[in-house]
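Chemist: Chain by chain, the residues:
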Amino acid sequence: MTGSQIYTAAAIPPAAHLPDIDTYDTFPKLLRYNAAHIGDRPSMREKNFGIWKTWSWKQVKDEIFKFAAGMQALGVQRGDRIAIVGDNCPRLYWTICMAQCLGAVPVPVYQDSVAEEIHYPLSHSEARFAVVEDQEQVDKLLSIKDRLPHLEAIVYDESRGVRDYPQPFLHHYDAVVAKGAEILDAHPHQIDQEIDKGSADDPSIIPYTSGTTGNPKGVLLSFRNVMRAAYNGARFEGLKATDESLAYLPIAWIGDHIFSYGQAYVCGMCVACPESSDTVLTDLRELGPTYFFAPPRMFENILTTVMIRMEDAGTIKRGMFKYFMDHARKVGVRILDGAPVSLMDRIKYALGEILVYGPLKNVLGFSRVRIGYTAGEAIGPDIFAFYRSIGINLKQLYGSTEASVFVTIQPNGEIYDDTVGTPAPEVEIRIAESGEVLFRSPSVFMEYFKNPEATKDTKTPDGWVHTGDAGFIDDRGHLKIIDRAKDVGKLNNGTLFAPKYIENKLKFFPAIKEVVAFGHERDYCACFINIDLEAVGNWAERNNISYASYQELSAHPEVYKTIKSHVEQVNRDLAGEEMVAGSQIHRFLLLPKMLDADDGELTRTSKVRRSFIAEKYETMISALYDPAATTASIRSEITFEDGRKGMLEATVNITDTQTVPVQGQVAAAAE
Amino acid sequence: MNTTAQMASGQDPTTGAQERKDRIGDVLLRVENITLRFGGVKAINGVSFDIRKGEVRSIIGPNGAGKSSMLNCINGFYQPQEGSIWYNGKTYSPMRPHDAATNGIARTFQNIALFKGMSTLDNIMTGRILKQKASLIEQAFYFGRGKSEEIEHREFVEDIIDFLEIQAIRKTPVGRLPYGLQKRVELGRALAAEPTLLLLDEPMAGMNLEEKEDMSRFIIDVNEHFGTTIALIEHDMGVVMDLSDRLVVLDYGSLLADGTPEEVRGNQAVIDAYLGVAHD
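From first to last, the protein sequence lines are chains E and V. Here this note's numbering is used: the first residue of the first sequence is 3, the next is one more, and so on. Here this note's numbering is used: the first residue of the second sequence is 251, the next is one more, and so on.
Simulated from the structure, these hints should not be mistaken for laboratory data. All residues carry an ideal CB built from backbone N, CA and C; glycine is no exception. Be a bit skeptical, because a hint or two may be false.
Said to hold, decoys possible - Straight-line C-alpha distance at most 30 Å; calculated DSBU-like pairs for lysine-lysine:
id, chain 1, residue 1, chain 2, residue 2
1, V, Lys462, E, Lys49
2, E, Lys199, E, Lys452
3, V, Lys421, E, Lys363
4, V, Lys381, E, Lys49
5, E, Lys319, V, Lys462
6, E, Lys55, V, Lys421
7, V, Lys462, V, Lys366
8, E, Lys595, E, Lys492
9, E, Lys492, E, Lys482
10, V, Lys397, E, Lys55
11, E, Lys488, E, Lys458
12, E, Lys492, E, Lys609
13, E, Lys350, E, Lys488
14, E, Lys488, E, Lys566
15, E, Lys452, E, Lys492
16, V, Lys421, E, Lys49
17, V, Lys381, V, Lys366
18, V, Lys421, E, Lys319
19, E, Lys147, V, Lys462
20, E, Lys332, E, Lys350
21, V, Lys340, V, Lys366
22, V, Lys397, V, Lys340
23, E, Lys55, V, Lys381
24, E, Lys181, E, Lys55
25, E, Lys242, E, Lys55
26, E, Lys563, E, Lys488
27, V, Lys340, V, Lys381
28, E, Lys49, V, Lys397
29, E, Lys595, V, Lys462
30, E, Lys350, E, Lys324
31, V, Lys340, V, Lys292
32, E, Lys452, E, Lys147
33, E, Lys647, V, Lys421
34, E, Lys49, V, Lys292
35, E, Lys461, E, Lys488
To be verified - Covered stretches of chain V (in silico footprint by chain E; criterion: 3 or more residues with CB under 8 Å from a CB of chain E, positions within the stretch not fixed):
id, segment
36, 405 to 416
37, 503 to 516
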């Protein structure tokens, strides 16, 4: 182990084309800079009523200033917290900057949270104001308003349905801006003066981490934290004002804050908001962003859709697709990385670009992508290779809210699907004796808001942050993450058990949506599997298998058979890897329902909450470890999307799978 | 009871109800002694009731009670043998389909009646047809009124698309859409005609809970936002009781009861005939 060795990034020169963030040390100051220097360039776009509307940096500055003046008149003071709830739309991004202009701290909240989940961040942050998108969010806040003593006013964007609400503390965005415009006419320098009071070490935002255990924690980030991270990421990738991105991931997620807000302000680039959350893929295609980020799940879904549509295509198209995709798999990644490739292969690839890759990228909206990021979870090697082989520069990065995102990034030309890259600029990484990854950088968070205990547990006095992830730095200097440190366990025979590692392998099959593996302090490894309704549903349709519900489809013997073959494939894979060969899957069952954040089984960022699932599905887990049991039953409460509760009762089959005998297993057990 | 309507509007029920009462105006339509026969079968037998401006009026009753026939009489699809319909100051005896359409009566159908091969956008555009004044030539070559009208109507239709939150299916052929969305598109087409009176024939039949709640919210919004008067046929009692200002109950073609949800709920004849417990 390398307990004391510190890994750092190679130094890269400051970017001449970006503003000096030591002078313009807050986002409102950057807003003024951008309005003055690139005032006519587009800052934001939004599709509404079927038409893309664009705002220039100048217009955005005027709008934010008016909004700020209006909010000041409503009583916003320096140090206040302002909650933000809603889907990605320009006005909510402007709210972030508006708050920062006034020295208030924005608190973005996940917009699909139910009222109870919204209550915690709002009450904990003692937000005095909330700026929300529409009636849905207003209703949620009204239902918990009497338990939010600090909340004084709610500003809403879309007036539909809210117009006739009698509550005097509800204000329409337009009215606030109109009021602000009047004030600015009389006192034109009011907001400028407020902006001048701000400096780099003021708090800039408090995102709440979704947290797999316990209450969320408010991560207090200063302007310096966010701006250095945004700046370093931008110069690492050479982002410019001409880049464009699509903001469709939750505003409350730190990644979106850096990509769609921080870097947009630092580089002066243009950020577009989709028409609605359902139209993202269409909007993506119309927009053709150059800078794109998505969780692995999204790339998976897109690939699944492509594959399904190809299966429905005609013979010629299918043949062509297969031929050129095989070729791309062979040489595409090498061409992207600039590795030597024979002339013949290059010509064939160029032909493929015209016939298959180009049109495909165009349909997906990836034609202009220069840099694509994926983060949050491991991405399947096949999926990763697919996108890279057709010429999309997709990279993995490893980060956390506490780091203002960037811990490691894969540098161009050094991209491996099993690592998350080298340390990002100005980031230092250390691996603790326990195997846990620690990092330190100027972007490390100030503290957990009103939670010194948690701050002390996570951040050492000299600035190192515990990630809670187990990993190591490989020979190439790349960080490799194995699993959450606390999730890595051992089977009873002593074999290493890294559940995420096994789950990821299974999740790479299109038919499998989610997996939960068990094995810590057990005799063998077993797992729950969620089938992917879209992929399996399509397969069922083509094979004349009728089903009425997810539950029924999941229970179908043919589905079990398919999944069983996938599990056995994974077992063969695992058998080939010394460290994990012992944790092959012996038994599995298909869950009768999708794991869902509304039921507390996943976090809002779609990560499995193991302890919760272990408790809720206890009967099913014990059945997996009872050799006599061939079925498992569950009776549990489920939550519908509207917040109503229902009862789920189901009995599902357990299937035994073949495992591959491993030579080294005995040796591993003896260790 | 935490009702759908309250959940959807998120308001205190008492103030909400008061506001809604204030919105309801004079009589908009009066059905007078309508009798409709198919051969020897009396589908509707001497029924009279009225619909006031701005209200949500539901027609309920068991299968075969004559509910859809009643809507068909109101929009002129069926022509009753006896009786008349008084609408907005004029008496029609009987109502003819073009009278209904030009006077702002729009409807949706129990069995969806959309153009399956056309996109959502085009389907809703067809609802604007009565508003188009441009000549065939102007429309064909896209100039003059043809152009300006198209833009104007498209704007109106986009408003509806936004209102019904169906942006994602704007360009999708409706035949490919799931049932719940097709119903929504049909509502969109009816709204495109800017109706004074909107007739909805089982807008929620075959929907799941979530779709029903969405549809309930749209109906409330249409009513409150545009002030459209709504006549509704629906079997889901929870929905009907929550949405309606007043109800008409039909049974075997005759009027059984007429009044507010509370009155109807308490009416013994209705309980016996329809809400009754004897069926299972």
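Chemist: Would the hint linking Lys340(V) and Lys292(V) be met if the CA-CA limit is 30 Å?
Modeler: holds (26 Å)
Chemist: Between the segment 503 to 516 of chain V and chain E, see if three or more residues pass the 8 Å beta-carbon test, and mark the coverage as holds or violated.
Modeler: violated (count 0)
Chemist: Given the proposed pairing of Lys332(E) with Lys350(E), does the C-alpha separation stay at or below 30 Å?
Modeler: Given that 30 Å is the threshold and the Cα spacing comes to 11 Å, the pair holds.
Chemist: Under the criterion that the straight-line Cα-Cα distance not exceed 30 Å, is the pair Lys488(E), Lys458(E) satisfied?
Modeler: Between Lys488(E) and Lys458(E) the Cα gap is close to 18 Å, so the pair holds against 30 Å.
Chemist: Would you mind confirming whether the straight-line C-alpha gap from Lys350(E) to Lys488(E) stays at or under 30 Å?
Modeler: Violated. Lys350(E) to Lys488(E) sits at ~48 Å, over the 30 Å cutoff.
Chemist: Straight-line Cα separation of Lys563(E) and Lys488(E) no greater than 30 Å?
Modeler: Cα-Cα ~33 Å, so violated.
Chemist: Regarding the pair Lys340(V) and Lys381(V), is the alpha-carbon distance no greater than 30 Å?
Modeler: Holds - the C-alpha atoms of Lys381(V) and Lys340(V) are around 22 Å apart, at most 30 Å.
Chemist: Within 30 Å, alpha carbon to alpha carbon, are Lys49(E) and Lys397(V)?
Modeler: Holds, at roughly 23 Å.
Chemist: Compare the distance between the alpha carbons of Lys595(E) and Lys462(V) with 30 Å, and conclude whether the hinted pair is satisfied.
Modeler: With a Cα-Cα distance of about 22 Å, the restraint between Lys595(E) and Lys462(V) holds, given a limit of 30 Å.
Chemist: For a C-alpha distance cap of 30 Å, please report whether Lys461(E) and Lys488(E) respect it.
Modeler: Satisfied, since the Cα-Cα distance of roughly 17 Å is no more than 30 Å.
Chemist: Under the criterion that the straight-line Cα-Cα distance not exceed 30 Å, is the pair Lys647(E), Lys421(V) satisfied?
Modeler: violated (35 Å)
Chemist: For Lys421(V) and Lys319(E), compute the direct alpha-carbon distance and say whether it is at most 30 Å.
Modeler: Given pair Lys421(V), Lys319(E) holds - Cα atoms ~24 Å apart, limit 30 Å.
Violation of the numbered hints given earlier is confined to hints 5, 13, 15, 21, 22, 26, 33, 34 and 37; the remaining hints are satisfied by the structure.
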